[in-house]
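Colleague: For reference, the chains in residue letters:
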Amino acid sequence: MTRSGGAGFDMPRPGTGAASRARADAGGGAAAAAAAQPLAADAVLDVDGIRRDSDVDAVLDRLDTELVGLRPVKTRIREIAALLLVDRMRAKFGLSASRPALHMCFTGSPGTGKTTVALRMAELLHGLGYLRRGHLVSVTRDDLVGQYIGHTAPKTKEVLKRAMGGVLFIDEAYYLYKEDNERDYGAESVEILLQVMENQRDDLVVILAGYHDRMDDFFRSNPGMSSRVAHHIDFPDYDVDELIAIAGLIAAEQEYVLPADTSVVLRDYLERRMRQPRFANARSVRNAIERARLRQANRLVGEPGASVTKQQLQALEPADFLASRVFDEDAADGADAADGAAQP
Amino acid sequence: MRITQGAFSYLPDLTDEEIRAQIQYCIDHEWSVALEFTDDPHPRNVYWEMWGLPMFDIPDAGGVMLEVDACREAYPTHYVRLSAYDAGLGRQTTALSFLVQRPPDEPGFQLERQEGPDRTIRYTVRSYASNSPEGRRYGRGDR
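Quick mapping for you: the protein sequence lines, in order, are chains U and R. For the record, in the first sequence the residue sitting at position 31 is 31 according to my numbering, with numbers rising by one throughout. For the record, in the second sequence the residue sitting at position 10 is 10 according to my numbering, with numbers rising by one throughout.
Source of the hints: derived by calculation from the structure; they are not laboratory data. Remember, it's a predicted structure, so these values are computed and weren't measured experimentally. Just so you know, even glycine gets a beta-carbon here, dropped at the ideal spot from N, CA and C. Among the hints, a few may not be true.
As the list claims (entries may be wrong) - So the derived list for chain U, only partly shown, Cβ under 7 Å to chain R, looks like this:
hint, residue
1, H135
2, G146
3, D203
As the list claims (entries may be wrong) - Taking CB as the label site, the calculated pair distances span:
hint, chain 1, residue 1, chain 2, residue 2, range
4, R, L53, U, L249, 40 to 46 Å
5, R, R136, U, D53, 51 to 57 Å
6, U, A41, R, A87, 32 to 38 Å
7, R, G139, U, D57, 43 to 49 Å
8, U, E271, R, H29, 51 to 57 Å
9, R, A87, U, N199, 30 to 36 Å
10, U, D64, R, R2, 54 to 60 Å
Input sequences plus hints: build the corresponding full structure.
Modeller: Right, dumping it as structure tokens:
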């Protein structure tokens with residue numbers, strides 16, 4: 001009797017067919033690729049084809065279109081992407097492709113796009129097959145450090161477990177370690193992090209973020225951390241043109257329009273604002289637009305017997321920005337005091 | 001005698017890679033994964049000790065594997081079982097359960113026959129391992 005496909009139970013015998021099949025399934029992509037025969041020494045690989053297979057280009061293009069400026073950052077990310085691609089091709093020839101250290105440190109002023117880039121980085125590494133899931137777990141000191149003895153280790157481990165297979169993004173990482181207080185539990189957290197960064201390199205990429213000078217202090221007091229972080233990427237401040245481009249993007253995202261005369265006023269506004277303390281780059285721009293929306297709404301609703309068009313509802317007029325306290329030179333020092341402190 | 005309990009128990013023991021793939025399957029189906037351990041191998045012993053809480057919010061098998069390894073390290077000669085609970089409406093039960101560790105040496109069971117009236121016989125299985133007190137059953141004096 002011959003067995004026809006699909007009819008009846010295909011009963012596997014223990015230890016033979018089923019086991020070997022299960023083994024092959026479980027191995028998944030990476031193991032199967034590694035097990036494959038290496039290519040001949042004179043084989044030629046199609047770089048473009050390999051690029052297409054990973055969605056590197058899509059992520060890099062989005063990085064270019066959605067993020068204004070940030071030259072050095074984009075260059076560095078391209079380099080990392082290229083290295084990962086090359087490693088992948090080397091693996092096909094059976095050359096050793098030791099997994100590169102991918103832990104990173106992002107330093108820069110507030111509002112320079114560190115979190116956004118970290119998110120893109122997670123997608124990129126996932127696309128290149130270096131992270132299994134590619135999700136981003138964003139934490140601060142609060143999530144890692146406990147309040148009493150014995151609280152820190154489980155808390156940190158819990159976060160690490162959640163971050164496995166993705167990116168752990170530690171914002172304001174310098175708060176983890178307080179030099180002046182040796183009984184602070186932050187040190188314990190750093191220790192566990194270091195251990196996992198070393199042992200679980202295949203499962204987890206850690207990105208530390210913070211302001212430049214304070215991160216320097218942090219690394220000085222944690223030399224182990226500094227040596228395990230391979231990429232130190234510095235995020236430069238934006239100039240006025242870039243900020244205006246950012247304002248355009250933010251407005252477009254919320255379906256508002258910045259007419260030409262508004263852009264002129266906005267430039268003036270930003271130039272004044274940049275000279276003031278607590279300027280937070282893109283975040284300040286976002287806040288300025290939020291306040292302009294408030295004033296626009298007030299203006300449209302306040303006029304008695306008014307009627308509005310779609311265009312009026314979308315346009316942010318110069319007056320919406322000119323009403324800002326930034327233009328009031330006398331009050332300049334205290335202007336938008338809430339702005340800098342408004343961390344999300 | 002090799003205990004067969006839960007899924008895959010007639011297969012050779014799963015490797016870590018295979019366990020990881022199974023865990024990922026559970027996570028992808030939004031089942032919460034829990035670890036339990038015991039050193040009482042009796043088949044009717046259903047309430048094993050829990051290793052921590054069920055893991056609800058871990059998106060990747062790597063995080064669960066950390067706990068699996070931690071449990072194995074703490075109880076190197078116990079049975080460790082992984083169970084996945086499907087909270088979906090209409091199912092609400094354990095969807096998958098299998099052993100991820102077993103003692104190196106399993107002595108097996110004794111079948112006891114108890115004579116009753118009218119030549120009836122009642123049967124009982126007793127694990128040889130449970131002759132020793134809990135925690136000292138499989139060679140090593142771990143916790």
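Colleague: Holds or violated: the 30 to 36 Å window for the beta-carbon distance between A87 (chain R) and N199 (chain U)?
Modeller: The hint (30 to 36 Å, Cβ to Cβ) holds, given that A87 (chain R) and N199 (chain U) are roughly 32 Å apart.
Colleague: Hint validation: D203 (chain U) versus chain R, beta carbon distance must be below 7 Å. Holds or violated?
Modeller: holds, 4 Å
Colleague: Take the shortest C-beta to C-beta distance between H135 (chain U) and chain R; is it under 7 Å?
Modeller: holds, 6 Å
Colleague: How does the Cβ-Cβ distance of A41 (chain U) and A87 (chain R) compare with 32 to 38 Å: does it lie in that range?
Modeller: violated, 54 Å
Colleague: Cβ-Cβ distance between R136 (chain R) and D53 (chain U): within 51 to 57 Å?
Modeller: With a Cβ separation near 55 Å, R136 (chain R) and D53 (chain U) satisfy 51 to 57 Å, so the hint holds.
Colleague: Regarding E271 (chain U) and H29 (chain R), is the given constraint of 51 to 57 Å on their beta-carbon distance met?
Modeller: Taking Cβ atoms as reference, E271 (chain U) and H29 (chain R) lie about 55 Å apart, which means the hint holds.
Colleague: Is it true that D64 (chain U) and R2 (chain R) lie within 54 to 60 Å of each other by Cβ?
Modeller: Holds, since D64 (chain U) and R2 (chain R) (Cβ atoms, about 58 Å apart) stay within the stated range.
Colleague: Hey, does the G146 (chain U) contact hint survive, CB to chain R under 7 Å?
Modeller: violated, 17 Å
Colleague: Does the hinted range 43 to 49 Å hold for G139 (chain R) and D57 (chain U) at CB?
Modeller: violated, 57 Å
Colleague: At the C-beta level, are L53 (chain R) and L249 (chain U) separated by a distance inside 40 to 46 Å?
Modeller: The hint (40 to 46 Å, Cβ to Cβ) holds, given that L53 (chain R) and L249 (chain U) are roughly 43 Å apart.
Going down the numbered hints, you'll see the structure goes against 2, 6, 7, while the others check out.
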